[in-house]
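*Asks:* Sequence:
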Amino acid sequence: MLFGEQVATDEKIYSIFEPHTDLIKRGKVRTPVEFGHKVFLAESAEGLITQYEVLKGNPPDEVHVASSLQRHRQAFGRAPQLYGSDRGFFSEQNLASCKHAGVKVVCIPQRGGKRTGRREAYEKSVVFKNGQRFRAGIEGRISVLFRGRGMKRCLAEGRDRFELWVGAAVLANNLMRIAAMLMAGSSRRRKAA
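Using the working numbering, you'd call the opening residue of the sequence shown number 11 and step up by one each time.
Careful, some of the hints might be misleading.
[To be verified] DSS-like mimics (lysine-lysine), calculated; alpha carbons at most 30 Å apart, straight line:
1. K114 with K124
2. K35 with K139
3. K124 with K22
4. K35 with K66
5. K22 with K134
6. K109 with K124
7. K114 with K22
8. K66 with K48
9. K109 with K48
10. K162 with K35
11. K22 with K139
12. K109 with K66
13. K109 with K134
14. K22 with K109
15. K38 with K22
16. K124 with K35
17. K109 with K139
18. K139 with K114
19. K124 with K134
20. K124 with K162
21. K134 with K66
22. K114 with K162
23. K22 with K48
24. K22 with K35
25. K38 with K134
26. K139 with K48
[Unchecked claim] Ranges between beta-carbon positions, derived for each pair:
27. A131 with K162: 13 to 23 Å
28. V43 with M191: 13 to 23 Å
29. G147 with E63: 39 to 49 Å
Hints were generated in silico from the structure; no laboratory data involved. Beta carbons: idealized from backbone N, C-alpha and C, even for Gly.
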């Protein structure tokens, strides 16, 4: 409230030092609300971050599936083999988008509600569980970005610089992963010789 009027959420300023800060309602018990930015990440099987985007506001997760499939196709010329995410990305439209794009294994758990027998069986299948295990790996990657790649606290000011900071952390992660893959490959060649 300001002068007796309700201020719209998108007009509120949550930080006088960083006016681009967003209110993020996560729905977690310990921290139901956080301040900062949501970042969308996509990871390959090799641990490389193939997409990142600093999101404006607090958009629902489900709106990112179609655009991430499109960006994957632009980058790699084909659909991903597997699309795994948490239940926030679930919608019938997203499942259809994945199938239409040519994704072989779609591992998005259904959000709430009554599951059909077929859906229940699929979510208990080995293929689905393996896809969810792969998806859980992004949580570890996020931890690495925070602890080892400098994303925990951005010291730069302004949204543009924040986006550059995230991009630098992603680049650092990818360079370290590529170096690790090259080192693993060279040690295997030395052992074979």
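*Asks:* If a hint holds in the structure, say so; if it does not, say that too.
*Replies:* Evaluated hints:
1. K114 with K124: 25 Å, holds
2. K35 with K139: Status holds; Cα separation ~28 Å.
3. K124 with K22: Not OK: K124 and K22 at ~38 Å, beyond 30 Å, violated.
4. K35 with K66: With a Cα-Cα distance of about 13 Å, the restraint between K35 and K66 holds, given a limit of 30 Å.
5. K22 with K134: 44 Å, violated
6. K109 with K124: 22 Å, holds
7. K114 with K22: 43 Å, violated
8. K66 with K48: 7 Å, holds
9. K109 with K48: 27 Å, holds
10. K162 with K35: 19 Å, holds
11. K22 with K139: Violated, because 41 Å separates the two Cα atoms, which is more than 30 Å.
12. K109 with K66: This hinted pair holds, its Cα atoms lying about 28 Å apart.
13. K109 with K134: OK: K109 and K134 at ~19 Å, within 30 Å.
14. K22 with K109: 40 Å, violated
15. K38 with K22: 22 Å, holds
16. K124 with K35: 25 Å, holds
17. K109 with K139: 18 Å, holds
18. K139 with K114: 15 Å, holds
19. K124 with K134: 15 Å, holds
20. K124 with K162: 39 Å, violated
21. K134 with K66: 35 Å, violated
22. K114 with K162: It is violated: about 35 Å lies between the C-alpha atoms, which goes past 30 Å.
23. K22 with K48: Holds, at roughly 17 Å.
24. K22 with K35: Between K22 and K35 the Cα gap is close to 15 Å, so the pair holds against 30 Å.
25. K38 with K134: At roughly 25 Å apart (the allowed maximum being 30 Å), K134 and K38 satisfy the hint.
26. K139 with K48: 26 Å, holds
27. A131 with K162: 13 to 23 Å: 41 Å, violated
28. V43 with M191: 13 to 23 Å: 39 Å, violated
29. G147 with E63: 39 to 49 Å: Since G147 and E63 have Cβ atoms about 19 Å apart, the given range 39 to 49 Å is violated.
When held up to the earlier numbered hints, the structure conflicts with 3, 5, 7, 11, 14, 20, 21, 22, 27, 28, 29 and fits the remainder.
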